[in-house]
Amino acid sequence: MDYLEAEEDGQRHQLLAEEQLTDEQLSEEIERFRRIVLSACSSLGNLQLVTDSAQDLTERKMEYVPSEDCLASLKDIKRYIQEDEQGEGKWVLRWLGECNTLQNDIIPIFIYYTK
1 MDYLEAEEDG
11 QRHQLLAEEQ
21 LTDEQLSEEI
31 ERFRRIVLSA
41 CSSLGNLQLV
51 TDSAQDLTER
61 KMEYVPSEDC
71 LASLKDIKRY
81 IQEDEQGEGK
91 WVLRWLGECN
101 TLQNDIIPIF
111 IYYTK
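Heads up: the sequence shown at position 6 corresponds to 6 in UniProt numbering, and the numbers run straight through without jumps.
Since the hints were made in silico from the structure, they are not lab data. Any given hint could turn out to be false.
Distance condition first, Cα-Cα at most 30 Å in a straight line; then the derived BS3-like pairs of lysine-lysine [what the hints assert, rightly or not]:
1. Lys75 / Lys90
2. Lys78 / Lys90
3. Lys115 / Lys61
4. Lys75 / Lys115
Computed beta-carbon distance windows for the label pairs [unchecked claim]:
5. Asp69 / Ile111: 53 to 59 Å
6. Val65 / Ile30: 29 to 35 Å
7. Lys115 / Ser42: 22 to 28 Å
8. Thr22 / Ser42: 49 to 55 Å
9. Arg35 / Arg60: 32 to 38 Å
10. Tyr112 / Arg32: 16 to 22 Å
11. Thr114 / Leu21: 40 to 46 Å
12. Phe110 / Glu28: 31 to 37 Å
13. Met62 / Leu38: 20 to 26 Å
14. Leu49 / Leu21: 44 to 50 Å
15. Cys99 / Gln48: 18 to 24 Å
16. Lys61 / Gln103: 14 to 20 Å
17. Ile111 / Thr51: 15 to 21 Å
Heads up, the beta-carbon is just placed ideally off N, CA and C, and yes, glycines get one too.
Please take these sequences and the hints and turn them into a complete structure.
Put into structure tokens, the structure is as follows:
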């Protein structure tokens, strides 16, 4: 079974536990999974320049705009966190913290949808 297939089936930890991986192979698998998680984070949305020309003066500001794939990406991230809690490393939460995903994406998404 391929690693990505196992990850999609929610059996990532089980597969890694069943295989006898060398330290190098394990590091490669962790890095591969990290790229998958960060890819989901980058698919949440981004800041965009918004102009308000309702007044005589054109006001420019940056506003967070969720992507079309935002909901699917949030579901993926939630699943990755749940799977990661079965393991010992808590890698996903560390990676989300390193990227400031809560401050840079999750909170702005909540604000966007409350408008």
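To see whether the hints hold, each was checked on the structure:
1. Lys75 / Lys90: 18 Å, holds
2. Lys78 / Lys90: 13 Å, holds
3. Lys115 / Lys61: Given pair Lys115, Lys61 holds - Cα atoms ~16 Å apart, limit 30 Å.
4. Lys75 / Lys115: Distance of about 22 Å is within 30 Å: holds.
5. Asp69 / Ile111: 53 to 59 Å: This hint is violated: roughly 19 Å between Cβ atoms.
6. Val65 / Ile30: 29 to 35 Å: Holds, at about 32 Å.
7. Lys115 / Ser42: 22 to 28 Å: With Cβ atoms ~23 Å apart, the hint holds.
8. Thr22 / Ser42: 49 to 55 Å: 30 Å, violated
9. Arg35 / Arg60: 32 to 38 Å: The hint (32 to 38 Å, Cβ to Cβ) holds, given that Arg35 and Arg60 are roughly 34 Å apart.
10. Tyr112 / Arg32: 16 to 22 Å: 31 Å, violated
11. Thr114 / Leu21: 40 to 46 Å: Since the Cβ atoms of Thr114 and Leu21 sit about 45 Å apart, the hinted range of 40 to 46 Å holds.
12. Phe110 / Glu28: 31 to 37 Å: 35 Å, holds
13. Met62 / Leu38: 20 to 26 Å: Since the Cβ atoms of Met62 and Leu38 sit about 22 Å apart, the hinted range of 20 to 26 Å holds.
14. Leu49 / Leu21: 44 to 50 Å: With a Cβ separation near 46 Å, Leu49 and Leu21 satisfy 44 to 50 Å, so the hint holds.
15. Cys99 / Gln48: 18 to 24 Å: 19 Å, holds
16. Lys61 / Gln103: 14 to 20 Å: Check passed, 18 Å falls within 14 to 20 Å.
17. Ile111 / Thr51: 15 to 21 Å: Holds, since Ile111 and Thr51 (Cβ atoms, about 19 Å apart) stay within the stated range.
Figure legend: structure checked against the earlier numbered hints; hints not met, in rising order: 5, 8 and 10.
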